[in-house]
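Asker: Residues per chain, in single letters:
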Amino acid sequence: MQFDPRRVALTLAAPVLALVAAVAIASLVLAAAGDPVIEVWRTILQPPKPRNVVNIINSASVLYLSGLAVAIGFRMNLFNIGVDGQYRLAAFVAAVVAAQGWLPGVLNIVLTIVVAMLVGAMWAGVAAILKVTRGVSEVISTIMLNAIATALVAYLLRKASVQVAGSNNIGTAPIPEDSRMPGIALIPGAPNEVYGFVVVAIAAGIAYSVLLSRTTFGFNLRATGRSESAAVASGIDVKRMVVIAMLISGGVAGLVGMPLLLGSAYSYGLTFQSGLGFAGIAVALLGRNNPVGIAIGALLFSYLNEQSNPLQILVGVSDDIVKIVQGIVVLTVVIAYEVVRRYGVAQEQRKVARELANQRRRDSEEVSAA
Amino acid sequence: MEDEPGTRAVACVPGFVRPGCSSPRPPGACAIEPRESTTGGPPDEVAVQLRGIAKRFPGVIANHDVDIAVRRGTVHAIVGENGAGKSTLMKILYGVQRPDDGTITVGGTERTFHSPSDAIATGIGMVFQHFQLADNLTVLENVVLGAERKHGIGDRARERIAEISDSYSLDIEPDRLVAELGVGARQRVEILKVLYRGAEIIILDEPTAVLVPQEVDELFDNLRELKTEGLAVIFISHKLDEVLAVADEITVMRRGTTVATVTPAGVTARQLAELMVGSELPSPATEESTVTDRVMLSVRDLTLAGGGRRPLLSDISFDIHAGEVLGIAGVEGNGQAELVETIMGMRRPTTGMIRLGDDEITEWSTRRRREAGIGFIPEDRQRHALLLDAPLWENRILGHQTREPNVNGPFIDRRAARKDTQRIIEEYDVRTPGIDVLAAALSGGNQQKLIVGREMSGDPVLLVAAHPTRGVDVGAQAAIWDIIRAARRGGLAVLLISADLDELIGLSDTIQVILRGRLVGVCDPATVTPQDLGSSMTGAGAAA
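Order-wise, the sequence lines are chains A and B. All residue numbers in the first sequence are consecutive under this note's numbering, ending with 370. All residue numbers in the second sequence are consecutive under this note's numbering, ending with 914.
Hint data in this document are derived by calculation from the structure and do not stem from the laboratory. Since this is a predicted model, take the numbers as computed values, not measurements. There are no misleading hints in this set.
With a cut-off of at most 25 Å between alpha-carbon atoms, the simulated PhoX-like pairs for lysine-lysine come out as follows:
hint: 1; chain 1: A; residue 1: LYS351; chain 2: B; residue 2: LYS461
hint: 2; chain 1: B; residue 1: LYS789; chain 2: A; residue 2: LYS351
hint: 3; chain 1: A; residue 1: LYS49; chain 2: A; residue 2: LYS323
Could you build all of it, start to finish, from the sequences and the hints given here?
Answerer: What follows is the structure in structure tokens.
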């Protein structure tokens, strides 16, 4: 496809617009609360230290996987709100299996990942089956399944847990040393390492891109998302697509907890990070379901999270202001994309009309010349 | 009805006050302010005047230099081919869109409409081609919906409806359920709705498109009734014989502007046509028969149960041979859409059998049917045949996701798909600057040519075409007719559904009439007239 600078500018306009609006609104909130607006932004925008860079990359990899899982659904107008429940249940079951050490070393890692994906897919599959057989909205069912997953994990955790020495945290047994994923010393001068799972996250992004834009399956999925009625008339089995898309989305959701499990926590406990599924929705929206866009969105969110940590200490402002920024970004980005999309379509229609008018004029000139 | 309907109703129709009617209207009886200019004016007074209207609008022909004067007590027709700018103009007059230039004068006062409610308050009412009625409500409920403040929602409203119905001979019973009404009656309910809201200028957008000839005559009687009561009727159409029959004045639009205003007495249909397109209209006439004895599509005893008492389709049986065009005539909503969807595999028949060539395809999926060589031009191209937000070359793939040249194993073959899109654009004369523009950017006719080109790709053996030329311009219409005729000569079997009786008669080798989900008669297109067809479509004739 030819490179069209105007199209690129249009693509970038929306997120930039949304960010500017979000910063402006957050500044208003800060000013209204009597907090030092400039100081807050200076703290957030100061260059991160190598240690912070590693943290940003690590948490971005997690957000990225979550964003991908959500985006797969979004591309066909399926709202998988249940990534949160899917990844927690998947991480828990995978942690239990991994701790058994049935297989040695790398094989155990592979098994853990496969189990996580299967559990995530299964949990999403419940919503898919409810949707295609009973017409239950996946939004409702996945929200419910999140609640059930929370309860289910809490219940099972008590059965499978071992007391962690020296704390009142409970968690699954730690996974064997030889099946932990080694980190990568990517950033020079950082005392910590980047998760080895970052490689898997990047691979998942590439797979997502190829699947959606290069394969027939991806075409069917996107066509269903753009117009279900046209998809049906073109011979796409929409129900089947719903099930498959939900299974893939759930499978990827299963990966979300893996960087943490295999790279830092090594067990599933009460302190295992939650809420990543919801952050994924925001990241997918911000990245416009585009694999590169989601990566940028994930990096941005984790940058904001990381940079907000010293706010409390340095400027005496709660780091929750960053949550407000993130929330506003999600709202403004949805509006900005729609505005830009409509503008783009109108522009294109105008361009087509103009070019055709020129064509007609040339034709009639030729006729009159002859 | 009991309280002397005649005198009172005729004398004081809201929004129009006849000379000599000085009795004060009840307060709040109608939204229109009594205006000096409209009370007691002579019948030939100008009700609405458009001067120099211009609208620049992306993707379609803009309006420019539009000048129209509609006098009260007349039916003023606006004719022009599809895409000439009639709809845009009416949207401007009804306040849906604002003109970039020009003035609208109603009853002598210049007006700016910000929304349809402004237009309604000025006494302009519009009857849309697609009815805006809730089937599950009664006539009364539909009429008062959104106008509850006029006469309430009870007996006062019921009386008022009866009055209006009486004085304009609309023959409407307020308490009938809309679902029970036929198309003609629904249209009269729409007219009643605008009268109830006090309209004195009524716009009818292609009102005859949904009617059979007999209903058209009834509609015209109603329109004459309206104009004798002093209302101004703006009648949008592209059917010249109808326009000549009913209009007092005719304004012709071409390429977004008004080119002439004539009276029916001073013009022939041919001259009107020439004004409309600048050249003679194409005709859909077929040449000699190319029907072979090879049965391509065979449908037997097809029944499709519906939610209601009556099945959507009952005992449908027909054959289409290679090289044959079978036309299905019927008033819309008599099972045509369901028949098409059943043949395409989008619905499963309750009983019955469908064969394509030598294969029984009753249980096949839509995908498999398409792969077996069924091309499909759906009724609603924007909803069923296009991805509006996708570029043309992706639209080329739609419906052909499993076939050459679009795919290579599990992958989309972008290069080949793009190349073939280019071929379609050239062969089928799709006017577009390129294959990367979004489908939404093309005009209706060019979208349809792309769809036809796509469905003709991959050597189909059967084409299911539902309203293939609806809403496309005359040039595209002629092109699509040529394509269908050429394919028929090449041995294609065609199932043609159309509301355009001339198209059906001109293209078909056989015409089957569908009524309430049954095939009720066969007509020979060589001898049948649109009037005959109209009779059998409403069940009035004895064509069976």
